[in-house]
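Undergrad: Below are the chains, spelled out letter by letter.
2 protein chains.
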Amino acid sequence: MIFFEVKKKDEKSRARLGLMQTAHGQVHTPAYLPIGTKGSVKSVTAEELKFWGAEMILANTYHLWLRPGDALIHRAGGLHKFIGWDGPIFTDSGGFQVFSLGEKRKEGEHNLVSADPVPVLKEISEAGVEFRNELDGSSHILSPEVSIQIQSNLGSDIALVLDDVPGLPAGKNRIKKSLELTLRWAARAKTHFEKIKDNSINPNQHLFGIVQGGDSEELRQKSARELQKIGFEGYAIGGLAVGENAETMYKVLGFTIPDLEEEKPRHLLGVGYPEQILRAVSLGVDTFDCVLPTRNGRHGQFFINRKSGGYEVIDITKKQFEEDFTPADNTCSCYGCTHHNRAYIRHLFQAKEPLGIRLATMHNLRFYLDFMEKIRRAIEFDSLAELMENYKI
Amino acid sequence: MIFFEVKKKDEKSRARLGLMQTAHGQVHTPAYLPIGTKGSVKSVTAEELKFWGAEMILANTYHLWLRPGDALIHRAGGLHKFIGWDGPIFTDSGGFQVFSLGEKRKEGEHNLVSADPVPVLKEISEAGVEFRNELDGSSHILSPEVSIQIQSNLGSDIALVLDDVPGLPAGKNRIKKSLELTLRWAARAKTHFEKIKDNSINPNQHLFGIVQGGDSEELRQKSARELQKIGFEGYAIGGLAVGENAETMYKVLGFTIPDLEEEKPRHLLGVGYPEQILRAVSLGVDTFDCVLPTRNGRHGQFFINRKSGGYEVIDITKKQFEEDFTPADNTCSCYGCTHHNRAYIRHLFQAKEPLGIRLATMHNLRFYLDFMEKIRRAIEFDSLAELMENYKI
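As you go down the protein sequences, you meet chains A and B in turn. Residues 314 to 706 in the numbering used here are what the first sequence lists, from first letter to last. Residues 314 to 706 in the numbering used here are what the second sequence lists, from first letter to last.
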């Protein structure tokens with residue numbers, strides 16, 4: 314079974330149609346991966362996700378490691394069985410959550426009543442990232458090997474190596490040191506992956522490297538070259554969507570992607586708005602994960618199609634929708650848009666009725682999955698430029 | 314169209330099979346009505362409720378009156394259209410919430426961060442119940458006429474008259490005064506109902522009286538007789554499940570129901586556990602509403618069938634289920650029981666994932682609706698006594 318095949322290349326851009334084949338099924342790319350942080354895509358079922366066209370989901374290693382624990386999930390028969398999703402699963406390394414949640418904690422931004430395990434960063438060393446879990450006071454080291462071991466216990470279809478994540482803007486020296494550490498970690502991760510792979514709950518797991526290098530062309534190219542020497546089955550592009558502007562992100566994608574092997578899949582971590590996804594597709598990205606549809610949905614934000622082309626985001630909790638008896642998005646065939654109107658959904662949010670969040674999440678996921686379908690069709694029928702025009706790119 | 318017909322009477326008890334026909338469809342009785350307090354049965358869709366066999370739901374007049382307001386719902390085309398449920402709807406008078414929430418507030422039990430409008434009881438007078446809404450400081454009088462007007466604006470299929478609710482135990486004098494007030498209110502409600510009925514959004518709305526009288530046989534009989542003189546299309550039995558023990562409730566049902574017209578439906582407000590429902594059916598009750606399946610579900614409690622007969626309630630958040638990879642209820646065909654295990658559902662509750670509450674709510678509603686189906690079949694096949702034996706009644 315070939316893991317990834319490029320089925321068609323766009324003539325005017327670097328966009329491509331691809332097919333990924335895993336032990337748990339296929340993924341047609343470009344694809345958006347709904348996020349099931351703690352083993353559940355907020356408020357929706359696996360059956361619903363499949364019905365709307367989701368083929369692969371992303372789960373967060375950090376959260377599952379600390380609760381309920383990768384050992385328990387392993388005893389349950391792996392993550393697919395534990396969460397009742399039999400399609401492909403992508404897991405991250407856990408590093409990003411330690412850094413991002415840890416940094417938030419330092420800035421005093423963290424919500425202490427959160428149900429999530431809270432990391433307090435202690436030290437980043439050659440060994441790995443050391444942090445304390447505030448919920449129970451326990452200390453942990455997330456090393457490249459530990460990350461691989463957890464992901465092996467989870468049995469995801471795609472595993473990711475641990476990386477050091479410098480925020481942008483950052484000095485070139487900081488980025489360079491971080492990159493070198495990331496590359497040494499990548500080599501250790503690969504070695505450990507090969508060592509334990511055959512005894513894994515999913516021997517068909519695929520390991521992705523992660524390209525870093527900040528906004529430096531030289532460092533990004535170095536990262537891409539060195540990772541290819543180690544040898545991975547795909548690449549995540551990291552260190553973006555961490556505070557830089559979108560143009561910087563496109564520039565970095567523009568000089569990073571040509572250095573990656575053409576026949577391997579490319580995942581862009583944590584991106585993004587529809588126009589960012591579309592632009593990144595045109596620069597050669599195959600898969601995306603992003604919390605926007607689910608997280609913004611929880612706050613009453615609906616992604617809706619504009620008649621004139623493109624999309625807009627409306628905040629359904631606003632007073633202006635109090636007596637708006639039209640569907641949230643009258644071009645949409647999701648349950649909420651075909652059964653309910655804006656006034657009712659606004660009421661659900663005002664009254665803190667959980668159905669409101671569910672309807673918003675359903676709608677936004679459907680919007681994103683439909684949007685990816687539009688992108689795939691546009692590549693197939695050579696009309697990606699027109700689609701980009703529609704989204705003012 | 315005949316509103317209610319008794320299709321079969323049980324020979325050994327007062328249980329009966331009935332068919333209720335409303336402008337929005339049929340209800341096979343004995344029936345359990347899921348509660349959609351604020352216009353939504355917590356976290357589930359109308360489509361799901363129908364699929365599981367719910368035929369009628371109950372919505373709370375008090376909550377909808379204060380938010381989003383009965384005028385807005387009227388402009389939306391009525392409650393059925395507003396909430397996207399085209400089946401029958403039963404609305405209460407609003408009085409019970411003013412009393413029960415108002416009393417909780419006095420005892421300092423009320424959760425101030427609640428999303429619900431909070432009543433502070435000011436005065437109960439001949440005119441009605443006066444209270445202040447703490448959310449916005451506004452004062453309101455809920456009178457028999459106001460309650461009927463609100464329910465007319467909602468356009469429910471069954472409306473209920475306003476009553477005064479004395480908690481049990483209470484002195485006979487307190488109960489008697491309360492009953493007399495309730496009867497005067499009932500007459501006013503009926504008059505107002507007849508006056509505005511033809512201009513209602515649902516001219517086929519049916520008005521139920523409410524039998525009060527505490528635990529006094531004399532007062533319950535008086536209540537039943539006087540209500541029949543006023544003339545209603547059905548009866549709710551009120552003032553029970555307000556703190557008395559279950560035996561008192563059965564005793565009261567035992568001497569109240571024979572005084573009600575045989576051919577009219579009887580609803581028992583706010584009851585209860587399965588064995589209470591079954592016992593009340595045997596005493597002649599036709600319909601029930603109760604928050605147990607939804608509210609207890611939100612706290613991780615699952616109603617499950619016992620192999621040996623009857624049922625039990627398990628708290629899935631308990632440590633003992635941490636590695637229990639069996640379904641919550643292996644006799645159940647609901648989504649959660651056929652797709653997930655206890656360990657995963659426990660994890661969802663621990664991680665405060667909204668899917669946990671949704672799975673629990675789905676399961677418990679399914680359990681209650683299946684239980685009513687068992688009761689209807691038992692009456693049909695003359696095996697109600699055996700069913701009661703199973704539930705140790």
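Treat the hints with care, since some could be wrong.
For identical chains, the list gives no copy identity; a pair is met inside one copy or between any two copies.
No more than 35 Å apart at the CA atoms, straight line, and that leaves these computed lysine-lysine pairs for DSBU-like [said to hold, decoys possible]: (1) K435 with K631; (2) K631 with K322; (3) K665 with K510; (4) K632 with K435; (5) K542 with K620; (6) K485 with K394; (7) K510 with K632; (8) K510 with K394; (9) K535 with K394; (10) K705 with K510; (11) K490 with K665; (12) K321 with K485; (13) K321 with K631; (14) K325 with K394; (15) K394 with K363; (16) K665 with K322; (17) K577 with K320; (18) K320 with K632; (19) K705 with K435; (20) K435 with K322; (21) K620 with K394.
Hints are computed from structural coordinates only; laboratory data are not their basis.
Undergrad: Work down the list of hints and note, for each, if the structure agrees.
TA: Here's how the hints hold up against the structure:
no.: 1; hint: K435 with K631; result: between (42 Å within a copy, 33 Å between copies)
no.: 2; hint: K631 with K322; result: neither (43 Å within a copy, 53 Å between copies)
no.: 3; hint: K665 with K510; result: between (46 Å within a copy, 33 Å between copies)
no.: 4; hint: K632 with K435; result: between (45 Å within a copy, 31 Å between copies)
no.: 5; hint: K542 with K620; result: neither (48 Å within a copy, 60 Å between copies)
no.: 6; hint: K485 with K394; result: neither (44 Å within a copy, 60 Å between copies)
no.: 7; hint: K510 with K632; result: between (55 Å within a copy, 32 Å between copies)
no.: 8; hint: K510 with K394; result: within (19 Å within a copy, 56 Å between copies)
no.: 9; hint: K535 with K394; result: neither (39 Å within a copy, 61 Å between copies)
no.: 10; hint: K705 with K510; result: neither (45 Å within a copy, 55 Å between copies)
no.: 11; hint: K490 with K665; result: neither (47 Å within a copy, 39 Å between copies)
no.: 12; hint: K321 with K485; result: neither (37 Å within a copy, 84 Å between copies)
no.: 13; hint: K321 with K631; result: neither (44 Å within a copy, 52 Å between copies)
no.: 14; hint: K325 with K394; result: neither (42 Å within a copy, 49 Å between copies)
no.: 15; hint: K394 with K363; result: both (16 Å within a copy, 29 Å between copies)
no.: 16; hint: K665 with K322; result: neither (47 Å within a copy, 43 Å between copies)
no.: 17; hint: K577 with K320; result: within (12 Å within a copy, 69 Å between copies)
no.: 18; hint: K320 with K632; result: neither (48 Å within a copy, 49 Å between copies)
no.: 19; hint: K705 with K435; result: neither (44 Å within a copy, 59 Å between copies)
no.: 20; hint: K435 with K322; result: neither (46 Å within a copy, 73 Å between copies)
no.: 21; hint: K620 with K394; result: between (42 Å within a copy, 26 Å between copies)
Going down the numbered hints, you'll see the structure goes against 2, 5, 6, 9, 10, 11, 12, 13, 14, 16, 18, 19 and 20, while the others check out.
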